[in-house]
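2 protein chains.
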Amino acid sequence: MKTTQYEGNQTFSIKNKEIQPPKHGEVRIKVAFCGVCGTDVHIYHGMMDKRVDIPLTIGHEMSGIIDAIGEGVEEFSTGDKVVVRPLDNRGEKPSDKGYSHICKDLKFIGIDSPGAMQQYWNVPDFTLHKLPADTDLKLASLVEPLSVACHDVRMAGLKEGEQVVVLGGGPIGLLVALVARDKGANVFISEVNQTRVQFARGLGFTVINPNESDLVGFIDEKTHGYMADVVFEVAGVQPALDVMTAVAGIRGRIVMVAIHGQPKEVNLFQFFWKELQLIGARVYEKEDYEEAIALITANKLPFESIITAVEPLENIQKVFENIDKNPDGMKVILDCQS
Amino acid sequence: MKTTQYEGNQTFSIKNKEIQPPKHGEVRIKVAFCGVCGTDVHIYHGMMDKRVDIPLTIGHEMSGIIDAIGEGVEEFSTGDKVVVRPLDNRGEKPSDKGYSHICKDLKFIGIDSPGAMQQYWNVPDFTLHKLPADTDLKLASLVEPLSVACHDVRMAGLKEGEQVVVLGGGPIGLLVALVARDKGANVFISEVNQTRVQFARGLGFTVINPNESDLVGFIDEKTHGYMADVVFEVAGVQPALDVMTAVAGIRGRIVMVAIHGQPKEVNLFQFFWKELQLIGARVYEKEDYEEAIALITANKLPFESIITAVEPLENIQKVFENIDKNPDGMKVILDCQS
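Residue numbers (our numbering), protein chains in the order written: chain A, 1 to 338; chain B, 1 to 338.
Derived by calculation from the structure, the hints in this document are not laboratory data. Predicted, not measured: the structure shown is a model, and the values here were computed from it. Hints may be right or wrong, so weigh each one.
[To be verified] No farther apart than 30 Å at their CA atoms in a straight line, the calculated lysine-lysine pairs in the DSSO-like style are these:
#1 Lys93/B / Lys159/A
#2 Lys107/B / Lys222/A
#3 Lys222/B / Lys104/A
#4 Lys104/B / Lys50/B
[Unchecked claim] Partial pick of chain A residues on the chain B-facing surface, computed with a CB cut under 7 Å:
#5 Arg251
#6 Pro263
#7 Asn267
#8 Leu268
#9 Gly280
From the three backbone atoms N, C-alpha and C, an ideal C-beta is built for every residue, glycine too.
If we strip away everything but chain A, and leave its shape as in the complex, we get (with noise of 0.2 Å):
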């Protein structure tokens, strides 16, 4: 079979491998489609090299079909469609309080441990949902981040009809936009790339260039001075975190998605002044999984219009070349089924 590997110095390889039978309560999974995530994008450009085992199969935004079953599975069968949850929490305990997608010696499957770029994957049974029969495996391939976009709409309890801001207009920012806005809320985007600006606006959405326009003043207005009831912090920029206590209504929540490395300057006072929340929001759990491959399987949202490029497996290195060439693109797939 081929696989691909990343071997470090923003460079993958493309290799012929066995393919091994699945072990004691794993499956063996023919590869469909595999999203190309941000995070792989940090691990192409070596941010990762200390935690990433080189050289490493990544990729965790899968869909697939069961080719084989190990001894002990019981609940899947082989041409069962499906996609992984990419987290083996075996290492969970009990001051992790049982929330076991965080728990404190996760194992992120393609990152701590070999991904679906490849042709077939080996994976624990307790990592797998199944899809309906007629799912498309390509949309499929959107469940992953489409379930971190439920996770963090999750944490923040949106109710039907709460004004929401989300600052970033990447994929993670998109999806979540869809997903609060399929839930009744009035959602504004804050994105300064002007191809995403129109991309976001192409779906529907309300989009302020807080780099051309007043966004704080733009949402006072929009919202009579309620503000917005629920923020979504997809950026990861300190501009961002500056703004997001501003648009913030008097208890509004914010859901802190982006991922800052280094400590950031934050506006504790208006936290104090608005009582507002800050809501860290991490991964998916098992019921956002399930809410995210409704959706994708109801495929009533613009996921096909996300996926602005499917490129078969082994063009690999291209594909993450041009991701760096061209920050306007949403969402990369690779096609590994030839």
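Chain B: place on chain A using the hints.
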């Protein structure tokens, strides 16, 4: 009657003024005691000269007896023992979403209008809470700061058996610790002032001086790796912000009680990684006052010991000067009765 006035330039004057009849909807209170709040000390230091209309009678941590009733006041009578919830929300708008206590145009009585550091004080009746006839009026002057603590603990959603770390063992920190312990939490206090460390230990708390011991390691050991379920940031300094995300366990809640006037560095990665929550908490609501009054009248917490000095009203200048000279003290109360 005797009244005191903040005159700017770290100076209080004492004046004789005519007692005024209460207006429609107001009562006149014969003030019994008035505690000195950290905010009063800020005013004395000139930090709030832009907000305060000098000369001004300040003070809001009070108790007293109704002395005269204005027209239209129906629920109160002369002779009633009362405390004042010093929040004037008459400028409340729909965009405040019903959160009267932090409405955008909130006026804080005793800062934005005359306060209680005088012998008689006229206030609107909607600010009043009636006390049982046998209430100790000296202890009742703690109702206001105790309500802050009740609000903070309520905003935390604190549950019995939870592990709590209070950062800062001053008057508010101690009251938070006492209320949290009363609700069945296991409370640790972090404090750098050695006199306050001893004081809190005297109240039976486990107190760590983070300048002398490893606070995070201590909490890790004592909680067997569970870390804090709830952290109260009452210190208002950068080292407390640095440690608050480290002592919090998975899905820990951090209540922001301190007032940070400037943007400060916060480890947002920990919010993401452990799905922490930051909860801003400001002043109190009606139910917090009711809870504080019940605690004071039951007198089952060591409130007496928190009052470290009672001074006659006319000593106001000396009282504020001494607070600067002696940062070890806890709550200082002005006796306004003679």
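Hint Asn267/A vs chain B: min CB-CB distance below 7 Å? Asn267/A check passes; min Cβ-Cβ to chain B is 5 Å, inside 7 Å.
Would the hint on Arg251/A stand, with a C-beta cut-off of 7 Å toward chain B? Hint holds; Arg251/A Cβ to chain B Cβ min 6 Å, cut 7 Å.
Take the C-alpha atoms of Lys93/B and Lys159/A, compute the straight-line distance between them, and say whether it is at most 30 Å. 21 Å, holds
Restraint satisfaction for Pro263/A [CB to CB of chain B, less than 7 Å]: 4 Å, holds
Double-check Gly280/A for me: the hint is only fine if its C-beta lies closer than 7 Å to a C-beta in chain B. This hint holds: Gly280/A lies near chain B, its Cβ roughly 4 Å from the closest one there, short of 7 Å.
Taken at face value, is the distance from the CA of Lys50/B to the CA of Lys104/B at most 30 Å? 18 Å, holds
With chain B as the partner, please determine if Leu268/A meets the hint condition of a C-beta pair closer than 7 Å. Nearest chain B Cβ about 4 Å off; hint holds.
Under the criterion that the straight-line Cα-Cα distance not exceed 30 Å, is the pair Lys222/B, Lys104/A satisfied? 18 Å, holds
Between the alpha carbons of Lys107/B and Lys222/A, is the straight-line distance 30 Å or under? 27 Å, holds
The earlier numbered hints are all upheld by this structure, with none contradicted.
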